[in-house]
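Asks: From first to last, the protein sequence lines are chains A and B.
Sequential numbering of the first sequence, starting at 1, is according to our numbering.
Sequential numbering of the second sequence, starting at 1001, is according to our numbering.
Among the clues, some could well be false.
[Unchecked claim] Distance condition first, Cα-Cα at most 35 Å in a straight line; then the derived DSBU-like pairs of lysine-lysine:
| hint | chain 1 | residue 1 | chain 2 | residue 2 |
| --- | --- | --- | --- | --- |
| 1 | A | 70 | B | 1014 |
| 2 | A | 36 | B | 1014 |
| 3 | B | 1014 | A | 67 |
| 4 | B | 1057 | B | 1102 |
| 5 | B | 1057 | B | 1071 |
| 6 | A | 67 | A | 56 |
| 7 | A | 56 | B | 1102 |
The hints are simulated quantities; they were obtained by calculation from the structure and are not laboratory data.
Given the structure is predicted, the values throughout are model-derived calculations rather than measurements.
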Amino acid sequence: GEDVEQSLFLSVREGDSSVINCTYTDSSSTYLYWYKQEPGAGLQLLTYIFSNMDMKQDQRLTVLLNKKDKHLSLRIADTQTGDSAIYFCAEDTGRRALTFGSGTRLQVQP
Amino acid sequence: DGGITQSPKYLFRKEGQNVTLSCEQNLNHDAMYWYRQDPGQGLRLIYYSQIVNDFQKGDIAEGYSVSREKKESFPLTVTSAQKNPTAFYLCASSIVEAGNEKLFFGSGTQLSVL
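Bound-form chain A, shown alone (with noise of 0.2 Å):
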């Protein structure tokens, strides 16, 4: 089946680095994406990666993919307040939809 796991909470200090860890389970994904949720809203692209690759690198964002363990992480440098959200890993198997993972909830604390 498709499932993306993630883990429901994580809470850094501001001005830390914070780590989301995302584990999907096709194989064939072309595209693996971060999207970000604010309370009461809709999703927002943050980044994404090609499965070709392993790092991408887009200001303080960076996403590793390590495609033999099937794990996408997202690191946020100098974590912020308003970086508090909640955050989704999708994968794109090439089959009608994204198939998106629980969510993490990023709680910054100042």
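Use these hints to put chain B onto chain A, whose structure you have.
Replies: Frame of chain A, contents of chain B only:
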């Protein structure tokens, strides 16, 4: 200003009532989607449409219906057959660029049962 508009923001349903959630996009995207979000469960796919006048069931289509008569509109009806409709409903449209599918989401509708 291009984007996806969902309305209403909040909706209340009485027992036995059908309600319709609106989703409109002016991005000229072919594909549109409806997801249901429950706390701690992430997003589950209800229905999707790849092209006008065509739509497919997702993982949790029972108790819901959709139509796609126009490219820009993809309304979702929550019927009385849906016994647990309280959730946050998200509509999205997508574009594929160089094999990469990017979803654009509306701001959601919170549906509650009276």
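Asks: Take the hints in turn and mark each one as holding or not.
Replies: Outcome of the hint check:
1. A:70 / B:1014: At roughly 44 Å apart (the allowed maximum being 35 Å), residue 1014 of chain B and residue 70 of chain A break the hint.
2. A:36 / B:1014: Status holds; Cα separation ~32 Å.
3. B:1014 / A:67: violated (48 Å)
4. B:1057 / B:1102: holds (20 Å)
5. B:1057 / B:1071: holds (18 Å)
6. A:67 / A:56: holds (14 Å)
7. A:56 / B:1102: At roughly 17 Å apart (the allowed maximum being 35 Å), residue 1102 of chain B and residue 56 of chain A satisfy the hint.
Violated hints, listed in ascending order, are 1, 3; each of the other numbered hints is respected by the structure.
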